[in-house]
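Asks: The chain contents come next:
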Amino acid sequence: MKNKNKQSNIYRFFISPSRGDSPFKRMVIHLTLIVACAIAVYPVLRIISVSLRPGDRLLSTSLAIIPKDASLYSYYRIIFEKPFLLWLWNSLAITMTTAFIGLILASTSAYAFSRWKFPGRGPGLFFLLTTQMIPAAMLIVPIYILAVRFQLINSYRGLALAYSVSSVPFSIWILKGYYDTIPRELEEAAKIDGASQMGTFFRIILPLSTPALAIVFLFNFMMAWNDWIMARIMLQRENMFTWPLGIWTLAGQFRVEWGAFTAASILVAVPVMALFLYSSKWLISGLTLGSVKG
Amino acid sequence: MKKFLTVLLVLVMLMGIVSIASAKVNLILWTKEGEEALDWNKSLIEEFMKANPNITIELVKKTNVEVLREDFLTASLAGAAPDILWTVSDHAGPFVAADIVEAVDNLFDLNMYVGSAMDAVKLEGKYWGIPISNGNQLMLLYNKKLIAEAPKDTDELFTVGKKLTTGGNYALVWNQTEPFWLVPWLGGFKGKVFAEDGVTPTLNTPEMIATLKFLHDMKFDAKIVPPECDYDGADTLFKEGKAAMIINGDWSISGYVSVLGDDLGVARIPKVSATGEWPKPYTSGVYFMLTKGISGDKLKAAQDFIGFVSSKEKQLEGVKLLNRLPAVKEALEDPLITENPILKGSADQMVVGTPMPTVLEMRCNWDSMKPEMLAVLADTKSPEDAAKLMQSSAESCIKSLE
Amino acid sequence: MEALTAEVAVNTIKELWSMVLYIILGTIILEILVYLVLGKIFKSKYTLPYMLMIAAIFGLTMLVIYPIGYEVRLAFTNMSLRHFRSYTLSWAQGLKNFGLIFSEPVLKQIRFFPLLFRTLLWTAVNLVFHLAGGLGLAILLNRQMRGRGFYRTLLVFPWAVPQIIAVLAWKGEFHYEYGFVNVMLKSIGMQPIQWMISPFWNFAAACITNIWLGIPFMMIIILGGLQSIPLEFYDAAEIDGASRWQQFRNITLPLLKPVLTPAVVLGIIWTFNNFNVPYMINANELETTDILVTALFRAAFEYHRYGFSAAFAMIIFIVLFIIASVYIRITHGLKGAYE
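Protein chains in written order, with our numbering: chain A, 1 to 294; chain B, 295 to 696; chain C, 697 to 1035.
To be clear, the hints were calculated from the coordinates, so they are not data collected in a lab.
One or more of the hints may lead you astray.
To be verified - Capping the alpha-carbon separation at 20 Å, the derived lysine to aspartate or glutamate pairs in EDC-like fashion look like this:
1. C:Lys867 <-> B:Asp449
2. B:Lys675 <-> C:Glu800
3. B:Lys336 <-> A:Glu81
4. B:Lys336 <-> A:Glu238
5. C:Lys741 <-> A:Glu187
6. C:Lys867 <-> B:Glu501
7. B:Lys693 <-> C:Glu934
8. B:Lys682 <-> C:Glu998
9. B:Lys693 <-> C:Glu727
10. C:Lys741 <-> A:Glu188
Because the structure is a prediction, the values reported are computed rather than measured.
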């Protein structure tokens, strides 16, 4: 087996230099990738080391990842002495709810865009793209005033509504692209068999779109989970804070509680990253859905 | 029939009176405090509510003063403002300009409060806040293990400092990124940021240039301070024993006491040898402010609560808990303060301080001084150029406030 | 201390549930309205699609259209701290605001066109490095090798870490004394750099941070695109004697275009409007590191020039709109999406 591979490698080396890389080239590639990985990961390691360092000392001349006097006190403190679990719960409750609502809104609207050429469709699509260009700072004050008028402030309703709607444009683009790749013949066939238009939506389109739906759900979730600015507008009482606001409170004006801050960051980042890495394949294909034809 | 109606009327009136008498008044208080000070907030409120069962005060903690300012402005704009604020004096400027707080002249007896504390919130001829504590001033804190006695003037500071700055240790550390640390020295050089009218900036003056030059020399000639140093850096170095002296404010004292204990000394920032003047750090304080339009029962309840916190007993309680100087004249003369070396030192510095201007235009001064001060300390601009730019920035900023 | 008690948890769920019920109720009402108006009165054949979209339309109107309308109106006022409750609303004031943007410093010293230039520079620098880095890494990864999954997972870290945390971590790393960047520089014998004070280096620090954050996104997209290019194309080109560079130019790039163009358009928009990175890396609030959106934020919330900043926001939006439209036109990139 080994010999065969070696032979074919040498064979390929002479026939197509780009396909079979020389050992030297391989080593260079691995080295480059290792350096790139180190650069990618190092700042995260530094956050870990600050969280293990006692005494809220952000700055230290030692570059050791695990400091000599490492302690898990900051983690203990953030979980038991700060309302960290409360922040996580708040975030989780809102994010799950809004991811679902956003998904429902987007999946139905994307279907409309995909299957009908109704008046206002072109401008509608264009409008969805332009919403991405609006600087967030522009919307802060009016959204706040609106929320106060409708009693949405200081309750999760306002924030949940904002989250549900704000990822809709992007989700519609993605889902529409995916729906477009589903041939209409399937729906025609179903209709001949007596299904209604909406029936085909539920029985044919949706089941076939589960990868895209999952991706949209994931996007909605990540955007709501990591958001700071909307939460900052809508939640003005500290006991309602989501985790971005929560750890922001640890960074006081003069005194930053670095130990607690970094410990909280790690505790939040780890599950997020795990989820992200686990689903990254899906996320990527989601972004390219519908743009690579055939 | 008439009898029945009369009885009904009387009943209704009785109910009305009873409901008014036992009407619950609910106040919303926004505070900028955190940690121990926040605990004091809570205990004050609890005690007050126990004594006044028909008043409830809801405490809302604001993460920091910037958040309080921004949120109060947006909340006022939308008609959802709280009733009382527990905040810093420099908020008076923006809030008075936006006309969202009440003047307190006729609502309280202002004579019981320290004069300089009241002056800090005097704008447009009226007073806009009730002081809770006074101070917030910068002072010279030193580690008695590294330096037995604080230098009396800047010449002494330089000579002693040069000897102390060796091998990674520094004689003096301070937050080199904020102009709050520049203004005491400006006062020492007899300068001021505003002209007599209190709203025209005077930043391009020989006094400012002398101040900038002094800070530059302290760093590049005498070399007694670190090359780059922000608040955290200075704090860390002092706590780790790598700096003999630090210029920091009264809010940091309890942190240093817990690390240095009795080795912590408090003194005035050294006299400027060139002018013979003591530096004049800004004093400000924590104040109650009332939202505009507060009236009736809510106003009365607010007045009661504020009176409660202004009692000598509660003022001294605040001193014990937070190491902050009180704002009520009576409390300031108490032996609790005069016999505590740290508080005595703090009071000693406050005496030569000057109230921080709280007009809206002050923000422009702060924002203009900061980058230029940084440039001079980075040796990328001369003091003369920096002062000129400070002045022009402040002027264009003030113009935009219209 | 607020704690997570069962009571609090249940309360949150109750609140959210009541909101969900309201939404369902509201949607039903809207649906009935649309059905009646379009279906019965106008007998439109487009009733169903509009029914499907009405909830989203309503939501977007409240969240996007109303606020923009409010801001447009605000752009014609002189609302600021001094004119908080009562301000003037007029065409003249609006014109004055728009004029001020170009004639006077937007903040203390910085003016509009230098800001615009810097924003464009910021966008260009970031995108170039994102693309170059992403492309390079993707090409390296697009082969059979040991540890490929391992590398890919690690290289995605910057994208996976929540952005606020990553930015604040990098800010710490640019600290003069203790940040690892300067420590590294010192260890190879170079002078430490004053990242937070020098205008040039602060901008560079923001760029470095954003480049670190943005390369994984491009890398993954390009990798996906590369992997969908059949190997036969390359083999055929080999046989025809094409060099590696020719293969790259004539096979790889064109076939990557449908995947790359939406990514680049998004990249342009997101980088142009990126708030977190330039705002937070700028520890000392140097106006020389501000780009358009951070200057907008400061004008609105630090200087309270509400009317002025509303006009400013409109200008920024128009600029970005033009840039994005031009790019899309040139590359015909979004043809597929409109069909």
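Asks: Each of the hints needs a verdict: does it hold here or not?
Replies: Hints, one by one, checked against the model:
no. : hint                  : in the structure
1   : C:Lys867 <-> B:Asp449 : violated (37 Å)
2   : B:Lys675 <-> C:Glu800 : violated (24 Å)
3   : B:Lys336 <-> A:Glu81  : holds (17 Å)
4   : B:Lys336 <-> A:Glu238 : holds (15 Å)
5   : C:Lys741 <-> A:Glu187 : holds (18 Å)
6   : C:Lys867 <-> B:Glu501 : violated (35 Å)
7   : B:Lys693 <-> C:Glu934 : violated (69 Å)
8   : B:Lys682 <-> C:Glu998 : violated (23 Å)
9   : B:Lys693 <-> C:Glu727 : violated (52 Å)
10  : C:Lys741 <-> A:Glu188 : holds (17 Å)
When each numbered hint is compared with the structure, violations occur for hints 1, 2, 6, 7, 8 and 9.
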